[in-house]
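> If you want the building blocks of each chain, they are given just below.
2 protein chains.
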Amino acid sequence: MTTTSVPLALLGLGHMGLALANRLLDAGYSLHVYNRTAEKARPLAERGARVAERPGDAVTRGGIAITMVSDDAALDGLTLGPDGIADALGDGVHLSMSTVGPATARLLAVEQARRGGAYVSAPVFGRPDVAAQGKLWGVMSGAAAARARVAPLLDVLTRGRTDLGDDPAAASVVKLGGNLLILAANAALTDALSLAAAYDIDPATLAALYGDTLFASPMIKNYATGVARALSSHAPNDPGFSVRLARKDVTLAAEAARAAGASLRVAETVRAGLDDATAAGLGDADVTSLPLA
Amino acid sequence: MTTTSVPLALLGLGHMGLALANRLLDAGYSLHVYNRTAEKARPLAERGARVAERPGDAVTRGGIAITMVSDDAALDGLTLGPDGIADALGDGVHLSMSTVGPATARLLAVEQARRGGAYVSAPVFGRPDVAAQGKLWGVMSGAAAARARVAPLLDVLTRGRTDLGDDPAAASVVKLGGNLLILAANAALTDALSLAAAYDIDPATLAALYGDTLFASPMIKNYATGVARALSSHAPNDPGFSVRLARKDVTLAAEAARAAGASLRVAETVRAGLDDATAAGLGDADVTSLPLA
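As they're listed, the protein sequences go chains A and B. Take any residue in the first sequence, note its place counting from 1, add 1, and you have its number in the working numbering. Take any residue in the second sequence, note its place counting from 1, add 1, and you have its number in the working numbering.
Don't take each hint at face value.
[Claimed, not checked] With the Cβ distance kept under 10 Å, some of the chain A side facing chain B (calculated, not the full set):
1. A75
2. D77
3. G78
4. L81
5. G82
6. G85
7. A152
8. P153
9. L155
10. V157
11. V175
12. L190
13. L196
14. P219
15. T226
[Unchecked claim] Below, simulated DSSO-like cross-link-like pairs (lysine-lysine); rule was C-alpha separation at most 27 Å, straight line:
16. B/K41 with B/K249
17. B/K41 with B/K222
18. A/K41 with A/K136
19. A/K222 with A/K41
20. A/K222 with B/K136
21. A/K136 with B/K41
22. B/K222 with A/K222
23. A/K136 with A/K249
[Claimed, not checked] Chain B is nowhere near these chain A residues, computed Cβ spacing over 10 Å in every case:
24. V52
25. A89
26. L108
27. F126
28. Q134
29. D192
30. L194
31. T214
32. K249
33. R266
34. T270
35. A281
36. D285
Treat the hints as calculated values from the structure; they're not laboratory data. Ideal placement from N, C-alpha and C gives every residue a C-beta, glycine not left out.
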């Protein structure tokens with residue numbers, strides 16, 4: 002059986018899941034797909050993907066199931082709920098690419114191992130447009146043999162990955178920490194550009210300064226440009242990383258820290274800013290819309 | 002009169018001031034220097050710099066005076082205090098490279114203009130070792146003719162600069178905003194690497210991930226590496242950007258925002274972290290020592 006003929010399912014067809022599915026179809030994989038609202042699967046069906054009506058129907062015992070859903074509850078339901086994938090997958094591999102907490106990762110790893118299979122935690126950094134180009138960066142952890150088995154898939158879906166070993170919680174923690182860094186930079190850019198605007202300094206000038214020379218970072222530049230745009234246009238930016246999902250991630254980071262006896266100062270502040278943005282009706286806007294809250 | 006024969010003074014010989022003085026001597030400038038404790042001037046005297054006993058004695062009417070001191074009070078005293086440089090400089094240019102608040106910049110600009118001269122605000126990003134290599138990044142604002150006059154000096158002292166126009170407060174505000182970004186990133190790295198350490202994940206692995214791939218930023222990498230070192234060694238890092246100076250800068254940013262009717266959420270959190278570090282005896286350590294507080 003060649004790599005592309007492994008029974009492969011992809012569950013969760015939001016912006017990220019759709020981008021991943023299209024990459025896999027481009028690379029010649031046969032795909033079973035599932036989404037809670039089936040209509041999102043239609044463009045994939047037109048490309049030859051088979052659409053399942055229930056999660057468990059999408060996966061094959063001993064195969065690989067990729068999941069990309071919005072939060073821990075959705076992942077838990079999809080995996081262990083009625084018609085969930087855990088039993089149907091059996092001794093297969095659950096390649097979980099959602100951003101979830103370390104407790105969920107450990108629980109699902111134990112449950113899949115009880116069924117003879119494995120859970121690999123492989124959340125990714127990047128927005129849907131980056132995913133469509135295969136330029137995401139991944140972090141990965143879980144049982145070694147299962148990590149080796151999903152490696153060819155991750156080669157298609159990402160430009161590279163950091164391997165964090167056997168503990169399925171590790172990749173979750175590193176992903177949450179990375180998102181915290183992004184959100185703290187975004188909140189600090191909101192401070193710095195708002196301060197500058199209060200002194201009649203052009204936010205776009207600053208976005209270039211901070212992104213090109215001071216941090217010399219494409220990511221800082223992207224976020225700074227978004228914050229500058231929100232400040233200048235007084236209009237929210239379209240979501241790539243929404244306030245709602247950001248709030249979920251920073252809450253998970255704070256919970257994961259508390260569970261391990263650490264306390265995070267910046268995380269609480271970033272969350273307060275996202276709370277305010279939500280209250281201001283910006284929940285579905287991009288996080289770079291914070292200056293409008 | 003060639004550029005290098007303009008009467009030139011440099012006042013304030015801490016680590017940054019000394020590095021700037023040596024660059025100017027290397028480039029062939031004649032220098033008058035002043036420092037509150039004269040003994041720091043000795044290595045410069047051995048290289049031909051003339052050492053003044055009082056600030057006003059270091060500068061020449063119509064010449065250029067560069068200042069690099071630690072805070073607003075020191076700059077104010079050096080400029081307008083007894084034996085200060087403002088009167089002695091007269092219609093010359095005060096090239097102020099310290100990180101100070103916008104109110105101080107505007108006050109000193111008005112005072113120097115009253116004497117027929119000008120104040121150019123030109124704070125720089127970078128540590129003393131970067132200054133020694135001429136690789137600082139500058140931001141500059143002030144009267145146009147005075148900016149043109151000091152340009153050759155900044156060409157020697159920096160690798161480039163962002164010109165922010167006539168308002169002497171602008172460069173101060175942008176410098177404070179930039180330091181806020183750096184300190185927020187440093188505080189978020191402290192959160193993220195502490196969270197990871199609580200899950201037994203190697204901080205050095207994360208420093209590489211966040212610096213090389215996620216942000217792809219030399220500055221993030223430097224700070225992440227420092228935070229990782231503090232976490233692993235349980236020892237503070239030697240100061241490049243000390244907790245004490247960082248606290249001063251973030252306080253100035255918050256004050257400048259309040260004066261302009263803006264409020265900064267991240268700044269207050271970053272300051273609280275620096276307060277804790279100070280209380281823990283880390284005031285003279287590098288800001289990357291925060292995980293030890």
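> Against this structure, judge whether each hint is valid.
Hint by hint, here is what the structure shows:
| no. | hint | in the structure |
| --- | --- | --- |
| 1 | A75 | violated, 23 Å |
| 2 | D77 | violated, 20 Å |
| 3 | G78 | violated, 25 Å |
| 4 | L81 | violated, 23 Å |
| 5 | G82 | violated, 27 Å |
| 6 | G85 | violated, 27 Å |
| 7 | A152 | violated, 18 Å |
| 8 | P153 | violated, 20 Å |
| 9 | L155 | violated, 14 Å |
| 10 | V157 | violated, 18 Å |
| 11 | V175 | holds, 6 Å |
| 12 | L190 | holds, 7 Å |
| 13 | L196 | holds, 5 Å |
| 14 | P219 | holds, 6 Å |
| 15 | T226 | violated, 14 Å |
| 16 | B/K41 with B/K249 | holds, 23 Å |
| 17 | B/K41 with B/K222 | violated, 33 Å |
| 18 | A/K41 with A/K136 | holds, 23 Å |
| 19 | A/K222 with A/K41 | violated, 32 Å |
| 20 | A/K222 with B/K136 | holds, 21 Å |
| 21 | A/K136 with B/K41 | violated, 52 Å |
| 22 | B/K222 with A/K222 | holds, 16 Å |
| 23 | A/K136 with A/K249 | holds, 24 Å |
| 24 | V52 | holds, 34 Å |
| 25 | A89 | holds, 30 Å |
| 26 | L108 | holds, 15 Å |
| 27 | F126 | violated, 6 Å |
| 28 | Q134 | holds, 15 Å |
| 29 | D192 | violated, 4 Å |
| 30 | L194 | violated, 7 Å |
| 31 | T214 | violated, 5 Å |
| 32 | K249 | holds, 16 Å |
| 33 | R266 | violated, 6 Å |
| 34 | T270 | violated, 4 Å |
| 35 | A281 | holds, 14 Å |
| 36 | D285 | holds, 21 Å |
When each numbered hint is compared with the structure, violations occur for hints 1, 2, 3, 4, 5, 6, 7, 8, 9, 10, 15, 17, 19, 21, 27, 29, 30, 31, 33, 34.
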